[in-house]
Amino acid sequence: MHSPAAKVSGYVVLMIVQIIFLVLFWLFVRYEKTALPLAIDAEDAGSANEHVSKYPQFQDIQVMIFIGFGFLMTFLRKYGYSATGFTLFMAALVVQWAVLMKGFLHMEGGKISLSLENIIDADIAAAVPLISMGALLGRTTPIQLLCMSVFEVALFAANEYLALHVFSICDCGGSITVHAFGAYFGLAVALMLRPASDQNETGKLEGASYTSDIFAMIGTTFLWVYWPSFNSVLADGAGGERAILNTFLSLAAATVTTFVVSALVSHENKLDMVHVQNSTLAGGVAVGTVCNLLLGAHGAVLIGIIAGTVSVLGYRYLTPWMTANLRLHDTCGVHNLHGMPALISAIASAIYASMATVGEYQSELQDIFPAMVGTNGTETKIMGGLGRNATSQAGYQLFGIAVTLLIAIGGGILTGAVLKYTNFRNLKKDEHHLDEHYWEVPAAENKEE
Amino acid sequence: MHSPAAKVSGYVVLMIVQIIFLVLFWLFVRYEKTALPLAIDAEDAGSANEHVSKYPQFQDIQVMIFIGFGFLMTFLRKYGYSATGFTLFMAALVVQWAVLMKGFLHMEGGKISLSLENIIDADIAAAVPLISMGALLGRTTPIQLLCMSVFEVALFAANEYLALHVFSICDCGGSITVHAFGAYFGLAVALMLRPASDQNETGKLEGASYTSDIFAMIGTTFLWVYWPSFNSVLADGAGGERAILNTFLSLAAATVTTFVVSALVSHENKLDMVHVQNSTLAGGVAVGTVCNLLLGAHGAVLIGIIAGTVSVLGYRYLTPWMTANLRLHDTCGVHNLHGMPALISAIASAIYASMATVGEYQSELQDIFPAMVGTNGTETKIMGGLGRNATSQAGYQLFGIAVTLLIAIGGGILTGAVLKYTNFRNLKKDEHHLDEHYWEVPAAENKEE
Amino acid sequence: MHSPAAKVSGYVVLMIVQIIFLVLFWLFVRYEKTALPLAIDAEDAGSANEHVSKYPQFQDIQVMIFIGFGFLMTFLRKYGYSATGFTLFMAALVVQWAVLMKGFLHMEGGKISLSLENIIDADIAAAVPLISMGALLGRTTPIQLLCMSVFEVALFAANEYLALHVFSICDCGGSITVHAFGAYFGLAVALMLRPASDQNETGKLEGASYTSDIFAMIGTTFLWVYWPSFNSVLADGAGGERAILNTFLSLAAATVTTFVVSALVSHENKLDMVHVQNSTLAGGVAVGTVCNLLLGAHGAVLIGIIAGTVSVLGYRYLTPWMTANLRLHDTCGVHNLHGMPALISAIASAIYASMATVGEYQSELQDIFPAMVGTNGTETKIMGGLGRNATSQAGYQLFGIAVTLLIAIGGGILTGAVLKYTNFRNLKKDEHHLDEHYWEVPAAENKEE
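Residue numbers (the UniProt record's numbering), protein chains in the order written: chain A, 1 to 449; chain B, 1 to 449; chain C, 1 to 449.
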């Protein structure tokens with residue numbers, strides 16, 4: 001099973017998947033009306049232009065997915081080809097699959113309408129398996145990774161539908177549905193694929209080199225810069241502006257906190273690049289679910305301070321504990337960057353929801369907490385609107401994160417079991433975190449390099 | 001001729017060129033009306049704002065030209081200064097020249113109107129010699145490169161005018177006028193400058209190092225991410241949205257295909273960074289000419305699959321054959337990334353044009369195939385509109401690519417002859433692919449690096 | 001004082017600063033009306049959307065601040081963690097502080113209104129201490145750097161208010177208030193912290209490695225590409241389009257000039273990466289103050305040519321002279337990239353202002369030179385409008401740069417004295433330009449790297 005034949009059959013399966021996508025696109029996908037020519041005698045309403053007004057934000061998110069995630073994971077000293085390459089491979093596969101999967105949940109007349117919105121959604125969906133990949137980085141084959149992502153995105157789409165459309169939770173920046181889901185799914189898979197207890201030492205290759213750490217900073221910085229676009233892309237009007245402002249401030253506060261706490265808890269009070277590369281971004285995750293709410297600048301800054309602190313402490317104390325005791329390596333520390341900050345965001349959303357009033361949110365209540373509309377008797381109930389009160393909405397927020405964790409962990413364990421016990425090839429310990437098993441690598445370099 | 005004096009005179013010539021540009025700007029270029037102050041008593045129509053609505057896409061294209069091309073070419077182990085530096089140098093010279101050259105073809109009252117549109121066009125024009133540079137990378141002096149780009153852009157502007165305004169072909173993303181032209185022009189120059197038959201071996205410097213390969217991925221990824229902006233910037237309304245969607249899907253499909261085919265045809269089934277860096281982008285080229293047509297998602301995906309396959313096979317089999325038999329090195333493989341995918345795009349455009357009907361394209365027919373307007377007798381003929389039928393338009397598409405190839409190859413051979421046989425200094429074999437002949441390079445680095 | 005305890009107390013102070021920010025946000029900052037929900041019965045004027053129309057330019061500036069400055073400073077061979085990390089740390093602290101400081105100068109009803117505009121302003125303010133950091137790079141502790149930035153931004157906000165609102169100078173791209181201020185403030189601090197005369201040799205670590213130079217090109221290129229956004233973000237309508245066009249052309253001309261002059265003045269006529277990384281950008285600074293004026297394309301190109309020449313000559317002759325004679329190291333050469341080009345911009349602004357007429361600027365005169373409105377008797381005087389004539393406005397431009405230099409240099413000397421003579425720890429000579437005193441650095445790397 002470890003022969004080249006296994007590789008070949010794995011890649012052939014992926015090609016077949018691509019061809020199945022082609023057929024599904026042909027059968028089910030049509031351009032949305034805004035992307036079709038106007039009838040000759042129609043009056044141009046100028047709406048087409050407005051329809052693509054989110055294009056700049058879409059492009060920011062593209063950079064986050066492909067450059068941000070890809071380069072953030074180049075920090076390993078001998079795994080840079082895989083980090084950037086597999087990110088590209090996985091994202092290219094997943095965006096197609098996400099257009100289809102999310103499309104199936106919103107079909108009209110048996111067809112999926114294709115517009116800019118769909119590919120924005122697809123890019124967001126691509127973040128999910130990329131987050132999980134961080135927990136597994138260097139310990140799976142590309143075939144395992146890609147197959148995992150196909151399972152995961154299907155499950156993600158279902159869970160997101162459940163959370164947003166059935167439970168009607170607010171989750172503007174996707175911290176619950178994207179970050180928590182991706183992180184805990186990945187951790188569950190990592191738990192299933194964990195090494196035997198006698199192979200648990202951390203290898204030299206599981207660390208950075210001077211150069212690889214700087215490559216990783218490219219990823220960090222682009223993620224930092226464009227995070228407000230990720231959090232605000234699905235919000236409109238004033239809510240969108242608040243999402244930008246809150247995310248920006250939370251990131252800034254988390255960054256300052258990360259540097260301080262990193263220096264305070266580290267050996268000889270030296271700063272740790274792992275913290276700088278990751279925990280600075282925790283502010284973006286922790287504010288995600290609530291980024292369009294009326295937090296105030298101080299609310300955003302407070303969330304950032306908490307997130308930066310928790311994330312650094314997680315890297316410093318919790319991750320080594322998990323490696324030692326659970327044999328769970330979490331290569332990129334997604335639990336500290338995505339997992340715990342997403343839990344903070346979910347809790348914050350319950351707190352803010354419990355205080356939400358129609359007097360405060362006015363006309364935006366319907367967008368943000370649609371299930372609350374109708375409570376004051378002056379609004380007609382809308383689709384799915386249950387006339388919840390604020391406490392009840394807070395409860396649903398917590399229910400939403402609980403169900404997400406359940407589905408993510410359950411799905412991750414199942415997927416991990418499939419990857420481990422079925423016909424997939426598993427990497428051996430000495431193949432971990434090393435490009436050369438799956439890539440042509442330049443022959444031993446001389447000192448000029 | 002190989003003395004510093006040759007260098008000095010070359011650079012002095014380039015400075016004179018810059019000063020000639022200054023004079024030409026002074027004589028011929030004026031701000032367009034949208035960039036001039038409104039008269040005090042004029043009513044503000046708010047049009048100025050709309051005029052710069054393409055600014056975000058312009059910036060995306062800027063990143064493609066300067067970061068994308070520059071870093072894509074850093075893959076050579078000792079040619080990174082030149083890759084990023086000469087890209088900057090060439091693009092800075094060419095954008096000025098393109099504003100002038102393209103301006104001369106569209107003068108009003110003896111003046112060129114300067115607006116955002118001109119510099120978008122100039123950025124697109126800069127792509128042309130940068131593509132050619134890929135075929136020559138490491139085997140010319142900067143002076144040769146810059147002089148080539150001045151010739152080439154003048155010829156490009158003329159050919160583009162011919163193709164779009166005389167033959168009225170569709171070429172929304174510029175695969176014919178930009179990619180095919182740049183690739184075959186560059187290959188023709190490379191053919192003229194090819195090494196003597198006893199110097200044809202591929203040197204160690206013609207390959208990558210581990211670090212340089214990761215730098216190159218910066219270029220690849222930004223080109224990938226922003227390609228939809230390149231293809232859609234000149235389209236409007238619904239056509240613009242289709243250009244975005246089709247380019248995105250074609251890139252995604254080409255990427256998945258590239259990884260699979262690369263693994264299947266490579267030694268030991270290992271992935272090859274050359275393929276990943278380049279062939280993943282072939283989907284963007286191959287969909288270029290037709291990106292605003294009604295391809296459907298499946299059409300875009302199919303084009304991507306074909307492009308990825310052809311491109312990888314080209315790198316694997318055709319390029320080594322050309323190196324061995326024609327002594328044509330094509331350092332970056334532009335034939336596989338730009339040349340062949342552009343031919344695919346031209347053929348696709350003939351096929352789709354042959355099926356175009358006014359019933360399908362409605363009010364957009366005039367924008368996309370202006371020469372076809374009038375065929376059904378219900379539209380008045382517009383300027384240049386010949387009332388072509390669909391088959392005839394298809395023929396023109398093929399005629400357009402044929403003329404483009406002819407002009408590109410003829411111009412390239414001529415330019416190559418000038419670079420080789422006139423007073424230019426030519427690099428010797430042992431000066432190839434090495435920064436230090438034209439750059440101050442840090443003294444031999446020690447192992448700390 | 002050189003014990004870890006000094007580090008600890010420094011970081012603790014920074015945490016306290018962050019918490020003070022939190023309290024100030026809570027006390028003084030509120031969302032602006034555009035970022036608040038519309039009343040249920042209000043008619044949606046669609047204005048919210050327009051309010052964030054500058055969002056794409058904001059994101060370009062974010063990339064300049066975090067990626068551009070951060071990576072431009074990675075050129076030192078062993079200071080890449082600090083370059084990218086401290087940029088992130090400083091910018092994250094400063095943006096919060098700038099929102100507050102600039103807000104205090106424009107309070108309404110005792111509150112600061114928070115909107116996208118504020119964080120655009122904050123990003124621009126972050127450029128100021130980052131420029132100063134370039135003059136000090138590698139020769140301060142992070143604590144010194146951060147404390148300096150807090151002082152500096154307060155002073156910057158005051159000086160900017162003075163220049164723009166009291167003296168009513170034009171400074172669209174901020175060359176006077178941002179670039180000149182940041183450069184001369186930094187140089188003054190560097191002068192105070194200069195080494196003793198027996199420690200003035202330039203160490204090996206004060207130079208680049210092959211890899212670090214390519215990292216720096218990431219910074220250069222992103223700064224180049226997005227500079228038009230920096231210069232135009234505060235301009236509107238036609239002035240905004242001119243700012244884009246002029247900046248683009250000036251950068252292009254400066255780039256061509258930089259390459260030529262670098263080759264002509266360098267040893268063996270080889271290009272120097274320091275020039276390419278920095279002087280290519282001088283065109284963006286030199287055109288900054290005047291970028292929205294009616295320069296014409298030739299005016300912009302001429303400014304670029306002058307800036308490129310002056311900047312390269314500065315690096316080649318002036319900087320080594322300053323190092324040798326003043327013991328002023330100016331690690332990144334900010335005097336050549338920001339200082340002198342900003343002076344050119346100020347002089348250009350006086351020249352163009354002296355020729356400005358209401359016949360030429362029409363309705364834009366009020367935006368660009370508000371103090372000149374009223375001179376022709378047909379306009380009512382506006383707030384602060386003094387009915388200046390053109391010569392007088394030119395004088396104010398020169399007065400503006402003079403006062404800016406005075407405040408910057410005075411403030412820098414004072415700040416430098418505080419950093420040197422109070423309780424701050426100062427780096428010793430052998431700790432300069434080396435990450436490992438403040439960062440965990442991977443253990444000695446082997447030759448594989």
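Rather than coming from a laboratory, the hints here were simulated on the basis of the structure. Bear in mind that the values here come from a model prediction, so they are computed numbers and not experimental data. Virtual Cβ for every residue (Gly too), placed ideally from N, Cα, C. Careful, some of the hints might be misleading.
To be verified - Here are a few chain A residues that sit away from chain C, every Cβ distance over 12 Å (derived from the structure):
#, residue
1, K111
2, M273
3, T391
Unchecked claim - No farther apart than 27 Å at their CA atoms in a straight line, the calculated lysine-lysine pairs in the DSSO-like style are these:
#, chain 1, residue 1, chain 2, residue 2
4, A, K204, A, K429
5, B, K54, C, K54
6, B, K33, A, K428
7, A, K428, A, K270
8, A, K270, C, K428
9, B, K111, A, K204
10, C, K78, A, K78
11, B, K111, B, K33
12, A, K78, B, K429
13, A, K111, A, K54
14, C, K33, A, K54
15, B, K204, A, K78
16, A, K204, C, K33
17, B, K78, C, K33
18, B, K33, B, K54
19, B, K429, B, K78
20, C, K78, C, K428
21, A, K429, B, K270
Results of checking the hints against the structure:
K111(A), annotated as away from the interface, keeps every beta carbon of chain C farther than 12 Å; the closest lies near 30 Å. Interface exclusion of M273(A) from chain C breaks down, the closest Cβ pair being 6 Å apart, not more than 12 Å. At the 12 Å boundary, the C-beta of T391(A) stays outside the reach of chain C, the nearest C-beta of that chain being 21 Å off. With a C-alpha separation of about 12 Å, the suggested pair K204(A) and K429(A) falls inside the 27 Å cut-off, and the hint holds.
Between K54(B) and K54(C) the CA atoms are separated by roughly 13 Å; this keeps the pair inside 27 Å, and the hint holds. Simply put, K33(B) and K428(A) have alpha-carbon atoms about 67 Å apart, too far for the 27 Å limit, and the pair is violated. Restraint check: the Cα-Cα separation between K428(A) and K270(A) comes to about 34 Å, which exceeds 27 Å; the hinted pair is violated. For the suggested pair K270(A) and K428(C), the alpha carbons sit about 17 Å apart, so the restraint of at most 27 Å is met.
Straight-line distance between C-alpha atoms of K111(B) and K204(A) comes to about 65 Å, which puts the hinted pair past the 27 Å bound. Proposed proximity of K78(C) and K78(A) is supported: the alpha carbons are some 20 Å apart, at most 27 Å. Our distance criterion of 27 Å between C-alpha atoms is met by K111(B) and K33(B), whose separation comes to about 12 Å. For the suggested pair K78(A) and K429(B), the alpha carbons sit about 32 Å apart, so the restraint of at most 27 Å is broken.
Restraint check for K111(A) and K54(A): satisfied, since their Cα atoms lie roughly 24 Å apart, inside the 27 Å limit. Of the supplied pair hints, the one linking K33(C) and K54(A) holds, its CA atoms being roughly 22 Å apart against a limit of 27 Å. A distance of roughly 21 Å separates the Cα atoms of K204(B) and K78(A); the hinted pair therefore holds under the 27 Å criterion. The suggested pairing of K204(A) with K33(C) is violated, with an alpha-carbon distance near 54 Å, which exceeds 27 Å.
For the suggested pair K78(B) and K33(C), the alpha carbons sit about 55 Å apart, so the restraint of at most 27 Å is broken. Of the supplied pair hints, the one linking K33(B) and K54(B) holds, its CA atoms being roughly 17 Å apart against a limit of 27 Å. For the hint linking K429(B) to K78(B), the alpha-carbon distance of about 15 Å falls within 27 Å, and the restraint holds. Of the supplied pair hints, the one linking K78(C) and K428(C) holds, its CA atoms being roughly 16 Å apart against a limit of 27 Å.
For the given pair, K429(A) sits about 19 Å from K270(B) by alpha-carbon distance, which is consistent with the 27 Å threshold.
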